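Enquirer: Take a look at the letters that make up each chain.
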Amino acid sequence: MNNAAGQSADEAMRWVTFQLENEKYGINVMQVQEVLRVTEIAPVPGAPVYVLGIINLRGNVVTVIDTRTRFGLQTKEVDDSSRVVIIEADEQVVGILVDSVAEVVDLNASEMETAPNVGTEESTKFIQGVASHEGELLILVDLNRLLTDEEWSDMGTF
Amino acid sequence: MEKKSQKTREAVESRLVEPQQALRVYLDALLCEVAFSDNEESANAPLPIVVAEPPPTDVVVVESVAEATVSNESVVEVEESTVVTQQDWTRSAFQCLSFQVADVTLAAPLEKLSGILEVDEEPTELPGYAPWVVGLLPNRGQNVQIIDIAQIIMPEGHSAPVKTARERLHYIILVGNGRFGLVADALSGVLNLEPDDVRWRGEHSKRPWLAGTAVERMCAVLDVDNLCEQLLRGLKLP
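As they're listed, the protein sequences go chains A and D. Positions in the first sequence are counted from 1; adding 56 to them yields my numbering. Positions in the second sequence are counted from 1; adding 8 to them yields my numbering.
Don't read these hints as lab results, they were simulated from the structure. No experiment lies behind these values; they were computed from the predicted model shown. C-beta atoms are modelled at their ideal positions from N, C-alpha and C, and glycine is treated no differently. Mixed in with the good hints, there may be bad ones.
[Claimed, not checked] Simulated crosslink set (SDA-like; lysine to any residue; CA at most 20 Å straight-line):
| hint | chain 1 | residue 1 | chain 2 | residue 2 |
| --- | --- | --- | --- | --- |
| 1 | A | 80 | D | 147 |
| 2 | A | 80 | D | 150 |
| 3 | A | 132 | D | 135 |
[What the hints assert, rightly or not] Among chain D residues calculated to face chain A with C-beta under 7 Å, some are:
| hint | residue |
| --- | --- |
| 4 | 132 |
| 5 | 134 |
| 6 | 135 |
| 7 | 136 |
| 8 | 137 |
| 9 | 141 |
| 10 | 144 |
| 11 | 153 |
| 12 | 242 |
Looking at chain D on its own, in the form it has when it is part of the complex (with noise of 0.2 Å):
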């Protein structure tokens, strides 16, 4: 397994790629990786429960699920405040909104968000802070930290995106009770996806923003709850 993951590295250092073209093949890598580890982790992934499939949605839906979640405040402060499960979402067919980040498709499970910003003005720069931080940007009350997850998702090695993330500032996806917002290209869509569709990552991942991979959708699923515990501690990512 380690050999092969060793080979998948060294295809993806010995290819000279674009710069935008890089993340795609990390991408791959990275799909490449969770495929051959799948043997052990599979003992722990969640247990295919099948339950009737949504219907077929949208973008549409997306804006009033987004907006039914931010109403519902004091339903997402209830949620925090309890311990984090392990993943209960995984376990059963859910809904992801899926968006763009430089060339990456990341899908983030709906139920996890609090909204998608539309944003038209320059969020407040913070000094001192990692360039993956752009700013503070006021919504409903509370300052939104805007976090460029294209640089956290990005390899070590890689440079950031040729364009800066105040440049790509269009849409913001707010997670963690809207106190976050990931910067966002461009929004797909909404996926279906089963819990069979998706590799998931072990406990003990080196990625903690990601929950696994939905190979045949060729998207990342992020690990919202893990990816915000992250940003709240204030740990260095990535």
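The following block holds chain A by itself, in its conformation from the complex (with noise of 0.2 Å):
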């Protein structure tokens, strides 16, 4: 299930990095289908808080997951360079909204570091490590671990 740690040891890694409040977020490139311009996301009554709602994209229908609320950060307005990226987890295709997308970036394995285990609950375990990149941190998210199991079969019911 957790694809980017299952990769062997040295094996570069691309990234596709977004920002959320003051941090830069690093995803696995494989895991990435599209970034779109926010378009009319439709709410679902009953969703979960994370869940922003549905969206059309080519007549499929697709979740969009509002990543602010869930990494417990304050939700902000959606603005211009606000993103959807379309990803793929859990056998699943959802999007998350993010405040901007970045830029792609390649870390070799030793680049990375574990996330530290202090203080986290096994259904908020959804970073990874984190690498420095250009003297600031990334973030590496497990994209998989965004959400628990249970909350990835909901999420094909919206």
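Since each chain sits alone in its own frame, please combine them into the complex, following the hints.
Expert: This is the structure:
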């Protein structure tokens, strides 16, 4: 299930980086399908707080997750730089709303450091590690663990 | 003994205190509690071996000692790899760095510290972590996990300090081979303590971070090894 961590030790991996609040995050490029400008997102009544709603992506219904809410950050108005990143995780296609998408970076396994295991609950262990990139820390997110198994299986029902 | 500590607790609860006083009251209660349970623990208490007392020192020494321990990383590593023996440093006179956290004075044995860092940049915040994990800060090739010790030592039911850890972030005290940094509001100086000055806590303490309390100095002595071990294992604190 954990694709990213299953790669061989010295292999370079490619990460798409995005910004949320003041921090930069990286997600495995292999899991990114496309990056969209924010279009109309139809809210879904009764959905969990981290579900913004659904969008119509060329005829397919895709659930959009509010990444800020999921990460425990304050929500922010959608603006010109906001993007929905369409990702594939846990065999599902969902969109994640981010403040902006920055770039694609290559990181060697040796540049990555596993995330501290202090003060996390099993359910919120979606941070796979951190890496120094151009003088700042990049937080590497394990998309498969962005939601718990149960939450992933609920995703398809909206 | 239980009755007395019960009384203390009730006394604490019945007193309405300002948030900034809450911790002081807590510490007072803590001191009393240790004092009452002292009898059964005195058998296990380390023997007071009299050692020539180190010369009086002041804050200037803190930095030099701290730096020395940082540059001496290989030594610290050896120390880490061996099994932590039961509180060797408590058996003879020892020096502590005392520092303020909220309104409480904490003391950490100098030999357990890896350095002091003056923080002038924002740490990288990690989402999904407990509120007492302030974030990561790169230092000497490793990412220091900044821990808001105030929230760990806080008794249950008391809210966090009025100011967030980020607002209070000026100094961090590096422990656990520089892996963790404890947020200190202010550094007070070096304390010379004899084993007899401290009321040591037993092994089955509810507060793994507390080695004991130096009653006369009104400060809590941190059990740095135990604290780091808890942090390393990722155990939930408090």
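Enquirer: In ascending order, which of the hints set out earlier in this document are inconsistent with the structure?
Expert: No numbers; nothing is violated.
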